[in-house]
Every structure is written in C-alpha cells, then in structure tokens.
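Just so you know, the sequences run in chain order D and E. Last residue of the first sequence: number 77 in the working numbering, and the count goes up by one each step with no gaps. Last residue of the second sequence: number 1641 in the working numbering, and the count goes up by one each step with no gaps.
Keep in mind the hints are simulated off the structure, nothing from the lab. Don't take each hint at face value.
One-sided and incomplete, this derived list gives chain D residues near chain E with beta-carbon spacing under 7 Å [what the hints assert, rightly or not]:
| no. | residue |
| --- | --- |
| 1 | L22 |
| 2 | V49 |
| 3 | A57 |
| 4 | E62 |
Non-contacting residues of chain E with respect to chain D, defined by C-beta distances greater than 10 Å in every case (computed) [said to hold, decoys possible]:
| no. | residue |
| --- | --- |
| 5 | Q1042 |
| 6 | V1331 |
| 7 | K1611 |
All residues carry an ideal CB built from backbone N, CA and C; glycine is no exception.
Below are the chains, spelled out letter by letter.
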Amino acid sequence: MRTLHDFAPGSKLVVRGFDSTLAPDLRGHLSAWGLTPGTPITLLAHHPVTRIAVEHAELALEDVIAYAILVEESNQP
Amino acid sequence: MNSIALVGQPNVGKSVIFHRLTGRYVNVSNYPGTTVEVTRGQRRDHPEQTILDTPGILTLPARSEDEQATAHILFHEKLRTLVQVGDAKNLRRTVQLALLLAEAGVPMVLALNMMDEARACGMAFDPAKLAAELGLAVVPTVATGNEGIDALSRAITTAKIPVFRLTYANEIEAAIDDLVRMLPVAHLSPRVVALLYLAGDKATEEWLAAQGAQNADLSALAARRERLQDEFTEPLAEILQRARMTAAEAIVRRVVRDTGQIGNRLVQRIGQWSVHRWLGWPMVALVLYSVYAFVGQFGAGVLVGFLEEDIFNGIINPWFQHIVTTWIPMVWLQNFLVGPYGLWTMGMTYALALILPIVTTFFIAFGILEDSGYFARLSVLSNRAFKVLGLNGRAVLPMVLGLGCVTMATLTTRILHTPRERLIVTFLLALAIPCSAQLGVVMGMLASYGTGAFLIWLGTIIIVLFTVGWLSGKLVKGRRIPLMTELPPMRLPVMGNVAKKTWSRLKWYLQEVIPLFLIGAALMFTLDLIGVLPWLIRAGEPLVTGWLGLPKEASAAFLMGFLRRDFGATGLFAMGSALSPEQGLVGLVTLTLFVPCIASMLVIVKEQGVKTAVIMLSLITPLAFLIGGLLHRALLLVGFA
Chain D
1 MRTLHDFAPG SKLVVRGFDS TLAPDLRGHL SAWGLTPGTP ITLLAHHPVT
51 RIAVEHAELA LEDVIAYAIL VEESNQP
Chain E
1001 MNSIALVGQP NVGKSVIFHR LTGRYVNVSN YPGTTVEVTR GQRRDHPEQT
1051 ILDTPGILTL PARSEDEQAT AHILFHEKLR TLVQVGDAKN LRRTVQLALL
1101 LAEAGVPMVL ALNMMDEARA CGMAFDPAKL AAELGLAVVP TVATGNEGID
1151 ALSRAITTAK IPVFRLTYAN EIEAAIDDLV RMLPVAHLSP RVVALLYLAG
1201 DKATEEWLAA QGAQNADLSA LAARRERLQD EFTEPLAEIL QRARMTAAEA
1251 IVRRVVRDTG QIGNRLVQRI GQWSVHRWLG WPMVALVLYS VYAFVGQFGA
1301 GVLVGFLEED IFNGIINPWF QHIVTTWIPM VWLQNFLVGP YGLWTMGMTY
1351 ALALILPIVT TFFIAFGILE DSGYFARLSV LSNRAFKVLG LNGRAVLPMV
1401 LGLGCVTMAT LTTRILHTPR ERLIVTFLLA LAIPCSAQLG VVMGMLASYG
1451 TGAFLIWLGT IIIVLFTVGW LSGKLVKGRR IPLMTELPPM RLPVMGNVAK
1501 KTWSRLKWYL QEVIPLFLIG AALMFTLDLI GVLPWLIRAG EPLVTGWLGL
1551 PKEASAAFLM GFLRRDFGAT GLFAMGSALS PEQGLVGLVT LTLFVPCIAS
1601 MLVIVKEQGV KTAVIMLSLI TPLAFLIGGL LHRALLLVGF A
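If we strip away everything but chain D, and leave its shape as in the complex, we get:
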C-alpha cells in the first residue's frame, strides 16, 4: 500500500489505514481529527513538513507520521 510520500502535492487521496509502525497515541490523534479509513484528503505539500487538507481544515504532519498514513488515489472528481 502506498503512503502520502508516494504522491505529488495536489493529489486527491483517500485514507486506507495506518502503518503498524505508527505509535497508538499518534494514531488515536489522527483518528480524532477525522483521519479514519475512507476519509478523502488533499495533499498540499511535502516541505518543510507534510500538509494535508481534510474537508476545509489544514493539518501539518511530520514525515514520520505522514509516511505512515496509507492512502490511495481518489476516484471522485
């Protein structure tokens, strides 16, 4: 499964799950923000940290977290 690392900024993606290396508390936090499997997101940037849009909220995530989020391309426009 691919992670946020594998896509270019601007990609429309859907969260599919989390890598098992991600600490449970960090994972719990992502889920509190609504990042659960099935959530559509937009990748905004990779640097200086990864930024994504979930609905109209913008989240900043350090690489170690961003690259543990498993995603696939969205088939919705």
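Got chain D; can you put chain E on it based on the hints?
Relative to the frame of chain D, chain E by itself:
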C-alpha cells in the same frame, strides 16, 4: 441546574459566542488553545443562568490537559443545556462530535458557526435537514458578525434532549448494554458514560474511581472492556470514532448540496506562503521587522519621546514638583513623591510615559498577528528548530504568546501533549522569553543603539534558548512527539476585535503593573532612605561593575528586576546616556534572562509544583549573570563600543 456549557472543537468560536451570550469579554484568537480553562459568565437575558466557556475538544476521549477540563465539566456539572459550537465548513468533524454528545441525555443545541466561511468555500446546506437527521435544534451563526445569536438564545431556552441514537456494531452494543447495568448514576446518560469508558476516557475513569467500590465495581468494568477489546485488533477508541465518522460522512452527504474546494483568495494565498519552505522565511523577517519598526521605533522612539520628554518632564513633572514642594513641608515626603525614587517621578512616570506607549503599540501588533492566524502557522517553519530541543513546532505557540505575557503563556503550555514538553517549554519561557512590556523597553533602548545591537541581543537570546533547550531536551526523560497540528485559516484581522483585545490587555496592564511599579518605587525609596540601597549597590559592585562592566548605579535596575523584569529594564532605559551602547546591551541581555516576574513564578508553582519552580529559579539567576559577563567580554574582544 442552571449551567449551560459551550463545548466544541478548538478554534470554532466558542469564546465569541460566550461573549455574545454573556457580554463578558474573554480573549478570542485565531488559533486552537486560546481557552485552556473553563470560564463562567452570567447569561445576559437570564442572569440566574451561568454560561460555561470550555477548552476545545477534538473528540472524546480527551487527549490533553485542556481537553480533560471539558470532559470533567460534563461529569461534574449538572447541565441545563449543552451547546455544541461547530465549524460549519468542517461539517463531518462537527457532526461526528454531535453524534456522541447527542446521546448524553442533556438538552442540546448545535450552533453551526462560521456560516460565512462555509458559504465562501462553496458549501450550501439546509440546517433544518441536519436538525432532522440529528434530532436536535441546529442554529446557523456567524458569531463575529452577531448573526444568529438571538435565534441561538431562543433555542437554548427551549432546548430538548435529542431523540437520537447511533447504532454501533453488535459486539459493541452488547458491551454497552452490560456496562449500562454496572455503571453508577451520572449526570450524563449511562449509554454515553459507557461509550466514554469503552474509549478509555480519563475523566470518566477518574469519575468512576471517585464513586467508591460499593457503587462501581472497577475490576468488573475493566474486565468487560477488555473482553470487548479482545474482539478487535484496533484500539476501541478508534473503532468507536470510525463508526461515528462513517455515520457523519453519510449524514453530510445527505445534507450538503454542493462542496467547493478551498477558495483562492489573497488572504488564503498569504497563508500558503507563510508555510512555504522558501517564501516562509522572508515573511518571518518581514513580520519581525514590521513589529520592530512599529513597537521599537514608533512606540518606544516617537511616542515615548513625546510623552516622556515633552509631556512628563516638560510639563507634568515640573508642575507636580512645584505643587509638592510648595504645599508639603516635609522633605522626606517630598522625596517620597517626587524624588529620584519618588512614587510619581519613578513609579508613575515609568508606567505611563515609558511603558504604556510601548505596550500599547505592542498589543496592537500582537493582536493583529494573533487574529490573522499567523502565529500557529509558524509551527510548520519552526518544527525543525524545535526538533533540536526535543520538541515539535507546536511549542512555538506558547513561546510566541510568551512575548505577550509569560504568565498567560505558561498556562497555554497545557495545549502540549506531554508533561515533558510542558516542563521544557515552561523553563524556556521563564528563562529566555521577554514579555511585552520588557520586549518593548528592550526594543526601544536597542533602537537607539542601532540594528547591530538589536541583532546581537536577538542572537545571544536565541543561542541561549537553543543551548539550554537542547540540554533540557537531553536531560528531561521521555520521548519526543513528532509534529501534528491543525493550522488555522489565515483571516483578515477584525479591527474591532483587535481594539477590544488591546483594551482588555491594557486594562490588565494598568491594573497589575501600576501597583507593582508603585510598590517598587516605594521599596526603592525606603531602601535608599534607611541606607540599605547604597549598601546593596556596593555589595553588587563586584558582580555588576566587575563582571558585567556596568556602572554601579545599574545594580538598582537589577534589584528592581527581581520585582518585574520590565521594571528593571525600565530602570536601565531611564539611565539613558549614563550607559554606553555596550553596557546597555550587556545589561539588557542579563535582564532578559533574569528571573521571571512574581505573577509568572506563581503560575509556574501552580502548574509544575514548588520544587520545580525553585530549581528553575536557582538555575536562571546565575545563568543570566554568567551569560551577561561572557557577552561583556566577547563585546570587548571584538571592539564593540
């Protein structure tokens, strides 16, 4: 049963609604975590009812100390009505929390705030349809523009317990049924208590533990939760959250007619530039320079020059001195009022002519930046630097807020996720972050020495901050939490809010600082009168003159610095040309690193305990003098005059 709680996710406008409903102003800002404690106020149209403004919760279970304060309220306050304030443009998230709160068994209203922003994002939906889905009253509001507040107030009065139930997976429902039979009676519905307990909510566990063994069989409850957990590979909190997100997603799809993407307005583009890997840095420099020009050059230069020289020294003080010497025969009393350490000539002149214009300009600049959402966005650029300290970019918020008031910022450390982060940030705040009044005086003094002096001061403070921070990061045990934070949207600051905020801060300043300045002046006068001051100045000579290379009179400034660092800095400021630029610079660096003010010491004691506060204090004072002396030698070496 007369409390109404405003709850909701961070940065959705709870405090603005609180202000609208109570008339009581609390600080509101464009970043998550402005409210870290519960604030109470009387409801405007029903004074017998109390409105509670609570810290933001993303969801329950709570994940940080400020979130736990909100969970605590739900358990310990018998609420008349629960008002969820939600961000209309982030509807999935809002509905997800509503799906949990709607089952709490408390009359509830959903205030769908920031409707203007939702419309600007291209969202169109019918609140009545959402109300039907959730079985509760939904009121669209634009709190900053006072839209929908009357309707919200009416809805609060007539609120009913929502008729809503989300069905979870069969195994979960079975566990909830079992738990409901085992749980003691609470202000909340047993179902919601069971849901929170299953998710591992700390406030729920604490409440259960407080019910006593005869009311709650904790081991039986824990065993039932464990049995349910065994049926899943993922943590229960996540499974429950996902169930609510899926349901919220379905509701939003049914309710929202059209969603657009984030607009492309200029303000939003500036927001993107502010976190851009290259463009972000020139923006930081521009912002810093603008603040320096406005506060240091205009506030401390032009305004102070006018007030101190023309108004106070030119008109008010000679007139007051004349009155005092004419009407008061006792020389000591004359000196007490208008002498070198006089209440008026030192206390009031320092407070009104020197510091007031500086803090006013600072509060205006700070309020504009705060409202724009820029501060929180700095967490992205600063993350790498904070990594060196074993922290993450989220720590930038309390640090920057410390430039406003270190005392308040120490409370804001509650938004950080671990005790380790809170300890390190509290220490750095106490050591190296100058508060508004002090920063203003520092900028004012440095502006007269030139930009080079300002850069040396800034560089020294940053080096100390990072060296000490790096050491603390190594010494304080615990793992580093990587950055994950929400960035508030960039907005055009609302001038009315900036003005209100500036005024409320100035009021605080006048109430807190003027008495302290007067006490300080009285103390200095008394010490001088009984001959202790000259003795102290002589005793401080080896340190102040020998080690720091300052004139011996500067000892008085350090003595004043024990009361408040800005009082001390003002003492140096008032010495004017008696200090060379090199001496001024050394004095300012030492005072910047000097002991924090009494108010912030008290907050450190409250938040971290007496032992930690004493350790911090005993590290900070010698360190300040050590750095000051080293800088003095370094400046002599490079020939800085």
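**Item:** Outside-interface status for K1611 of chain E - nearest CB in chain D farther than 10 Å
**Value:** holds (28 Å)
**Message:** Just to be careful: measuring from the Cβ of E62 of chain D to every Cβ in chain E, is the smallest value less than 7 Å?
**Reply:** Result: holds, 4 Å to nearest chain E Cβ.
**Request:** Using 7 Å as the Cβ threshold, decide whether V49 of chain D counts as touching chain E.
**Result:** Holds - the Cβ of V49 of chain D comes within 7 Å of chain E, reaching about 6 Å at its closest.
**Prompt:** Far enough from chain D: is every CB of that chain over 10 Å from the CB of V1331 of chain E?
**Reply:** Given that every Cβ of chain D is farther than 10 Å from that of V1331 of chain E, nearest at about 64 Å, it holds.
**Item:** Hint validity - A57 of chain D Cβ closer than 7 Å to any chain E Cβ
**Value:** A57 of chain D check passes; min Cβ-Cβ to chain E is 5 Å, inside 7 Å.
**Item:** Evaluation of the interface hint that places L22 of chain D against chain E, nearest CB under 7 Å
**Value:** This hint is violated: L22 of chain D lies away from chain E, its Cβ roughly 10 Å from the closest one there, beyond 7 Å.
**Request:** Classify the label on Q1042 of chain E as holds or violated, using whether its beta-carbon is more than 10 Å from each beta-carbon of chain D.
**Result:** At about 33 Å from chain D, Q1042 of chain E clears the 10 Å cut-off, so the statement holds.
Consistency note: the structure conflicts with earlier hint 1 alone.
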